[in-house]
Amino acid sequence: MTGCLELTNVSVSFEAVEVIRELSLAIVQGEFVAVVGPSGCGKTTLLNLVAGFERPSSGSVECHGQVRMVYQEDGLFPWATVTENIALGLRHIGDRRERKRQIGDLLRLIRIEGFEHHYPRQLSGGMRQLVELARALAGGSDVLLMDEPFSALDYLTRLRMRNELARLLSEMPRTAVLVTHDIEEAAQLADRVVVLTQRPARIRHEFTISTPRPREPTDFAVVDAVRRILAELDVESGTEASTK
Amino acid sequence: MKENTNTARALLLPALVAAIFIALWTAIWRAGVFHQSAFPSPLAVVRGFGLEVATGRLLNDSVTSLFRVTCGFLLAVALGIPAGVWMGQKLSARLAFLPMTNFFRNLSPLAWMPFAILWFGVGDAAAMFLIFLSVFFPVVLATMAAVGTIPLVYFHVAQNYGLRRFEKLTRVTLPAIMPQVITTLRVTAGVAWLVDVAAEMIAGRDGLGFAVMDARNGLRTDLLVVEMIVIGIIGVLIDRLLVQLTNVPSVRWGYER
Ligand SMILES: Nc1ncnc2c1ncn2[C@@H]1O[C@H](COP(=O)(O)OP(=O)(O)OP(=O)(O)O)[C@@H](O)[C@H]1O
Ligand SMILES: [Mg+2]
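Residue numbers (my numbering), protein chains in the order written: chain G, 124 to 367; chain H, 531 to 787.
These aren't lab readings, by the way, just hints derived from the structure by calculation.
Hints should not be assumed to be uniformly reliable.
Under the rule of at most 20 Å between Cα atoms (straight-line distance), these lysine to aspartate or glutamate pairs were calculated in the DMTMM-like manner [said to hold, decoys possible]:
id, chain 1, residue 1, chain 2, residue 2
1, G, 223, G, 207
2, G, 223, G, 239
3, H, 698, G, 236
4, H, 698, G, 239
5, H, 620, H, 697
6, G, 223, G, 236
Pairwise CB distance ranges (calculated) [stated by the list, open to error]:
id, chain 1, residue 1, chain 2, residue 2, range
7, H, 697, G, 224, 15 to 25 Å
8, H, 716, G, 353, 55 to 65 Å
9, G, 152, H, 695, 25 to 35 Å
10, G, 196, H, 775, 20 to 30 Å
11, H, 682, G, 227, 24 to 34 Å
12, G, 241, H, 564, 32 to 42 Å
13, G, 227, H, 716, 48 to 58 Å
14, H, 716, G, 162, 14 to 24 Å
15, H, 692, G, 333, 29 to 39 Å
16, G, 188, H, 622, 53 to 63 Å
17, G, 244, H, 576, 17 to 27 Å
18, H, 622, G, 161, 37 to 47 Å
C-beta atoms are modelled at their ideal positions from N, C-alpha and C, and glycine is treated no differently.
My request is simple: use the sequences and hints to build the entire structure.
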C-alpha cells in the first residue's frame, strides 16, 4: 500500500519542550489532508516526523512509499537552475532522454517554459513555489508534504497557486498533507481538515469535506466548511474566555 | 547616453587623479624637498622602467614572484578547503583543531621567516612556505564557518531526494559555501602577494621583493619605484582575476539578494 501513512500515539519532545502529545492520524492513499493550528504548535515537526527528519519520542510513524516535502522556507537549491532543481527529483531515471522528456513535461505543466535555465533568485515567489512543487512531484513520488507553501505570497497569487496545486494533483494524483494557516485554502483543497491544539499538539477537531475536488473558493461546500471550522475555533476561544 | 557618459567618467576621472598625482610628484622633486638621491623624478622612473624591461629582469622577477604565489596559494587552498569542510562537519575535529588553527591564523606568517630560511634556505621554497601559512589558516576558518551556516533545509532536501554521502558533499555542501569561499580567496590572495614580496626582500635571491632590496642597496631609487609600481599593478590584476570567479552563474546567488 504505497502512499498511505499512519501515526499512532506519537509524542515528540525537544529537551523540556513537549511539542506533540499522543497524536494519532491515519491517511489513506490519494487522500488530501490539510493541517491547521496555531503558530508554533508543532505542524512542521509533524511533517518532519513523516519525512523521517525527526524521530518520535514515543509512538510509531509508518509511511509507505517515497515522501517529498515542499518547505516553509525556500527549499530550492539557489546554486542550481530550474532544470537542475527539477532533475533532482528524477535522479533515479537512468535514461537521459527519458529524464529530459519528463523535465519538459513538468516545465510545461507548471507553465514556466522559457525559464528552464534561470536560477531561483531570478523567479518570482510564486514561480519558485511552482518549481519546488514540480520537483517534489517529479518521478512519481508517493506522498507530497507541504509546509505552508504559499504563506509568503500575496492573496491573489495564493488563490492562483491553490488552483495550480489542485490542477497539478488532478494530473498527478497522490497522497498529500498540507500545513497551512489559511482555512479557506484548507477547505478548498482538502478531503479532510485536521485542526491542532496549542502546543503540545493534539488533534482538536477533524472536518471531512465530502464534495469531490476540485472545488472553487466560492463553492457552497468550501464556504460551509470554512464556516464550520471558524465556528469550532470560536466556540473554543469562547469557552476559554468564559473560564477565565 | 547615460551609459556612455558614465564610461567616459570612469576613464577620465582616474586619469585626472593620476595626472594630479604625477604633477605633485614632479613639484616635490623640483622643489627639492628631499635629497636628489632619495627622490627620483617621474622621468627617471620611466627611463628605469625601459632599462628593466630591456634587460628582461623585470619580466624574470615578475614570473618568479607569480610562480611562488601561485604555488603557495594553490597548495594552501587545495588543503585548506577540505580541512575546513571537515572541521565544519565534524564537531570533534572542530573541538580538537579550532584553537590551534586560531592561534596560527593570528600569528603573523612573517614571524616564521627565520625558520623558513633555516629549513628551506633562500629561494622558492621559503617564500612558498610563508605564503602557504598566510593562506591556509584563513581559508580553513572561513570554510569551516561557511559550512556551519548552510541552512538545514538543504540537507533535508538532499535526504528527501536520496543524495548519498559523496553527493551531499558535491551537490550541497560545496556549492553552498562557494560564494563565501571565493570572497576568502580574494582576500587571502591579496595577503599572499604582500607576504611574497616581504619574504623575497629578506629570503630571496630573485623576485620582485628581492629587486626592491637590490635597488635600495644600489641606491637606485628610480628602479625602486619601478618595482613598487609593478608590484602594485600585479596585486590589482590578481584580484581582478579572482573577481571573475564571482561571475560564475552558479555562485551569483551568494552576492545578490
Ligand atoms: N529542533 C528543535 N529543537 C528544539 N525545539 C524545537 C525544534 N524544532 C522545533 N522546536 C520547537 O517546537 C515547537 C513547534 O515547532 P514547529 O516548527 O513544529 O511549529 P509550527 O507549528 O510549524 O509553527 P509555525 O506555524 O510558526 O511554522 C516550537 O516551539 C519550536 O520552538
Ligand atoms: Mg512551521
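Right, here's what the structure says about each hint:
1. G:223 x G:207: holds, 11 Å
2. G:223 x G:239: holds, 12 Å
3. H:698 x G:236: This hinted pair is violated, its Cα atoms lying about 29 Å apart.
4. H:698 x G:239: violated, 23 Å
5. H:620 x H:697: holds, 17 Å
6. G:223 x G:236: holds, 14 Å
7. H:697 x G:224: 15 to 25 Å: Hint holds: Cβ distance 23 Å, inside 15 to 25 Å.
8. H:716 x G:353: 55 to 65 Å: holds, 56 Å
9. G:152 x H:695: 25 to 35 Å: holds, 32 Å
10. G:196 x H:775: 20 to 30 Å: holds, 27 Å
11. H:682 x G:227: 24 to 34 Å: holds, 32 Å
12. G:241 x H:564: 32 to 42 Å: violated, 59 Å
13. G:227 x H:716: 48 to 58 Å: Violated - the Cβ-Cβ distance for residue 227 of chain G and residue 716 of chain H, about 39 Å, lies outside 48 to 58 Å.
14. H:716 x G:162: 14 to 24 Å: violated, 42 Å
15. H:692 x G:333: 29 to 39 Å: Since the Cβ atoms of residue 692 of chain H and residue 333 of chain G sit about 36 Å apart, the hinted range of 29 to 39 Å holds.
16. G:188 x H:622: 53 to 63 Å: violated, 37 Å
17. G:244 x H:576: 17 to 27 Å: violated, 48 Å
18. H:622 x G:161: 37 to 47 Å: Since residue 622 of chain H and residue 161 of chain G have Cβ atoms about 40 Å apart, the given range 37 to 47 Å holds.
In the structure shown, a violation is registered for the earlier hints numbered 3, 4, 12, 13, 14, 16, 17, in ascending order.
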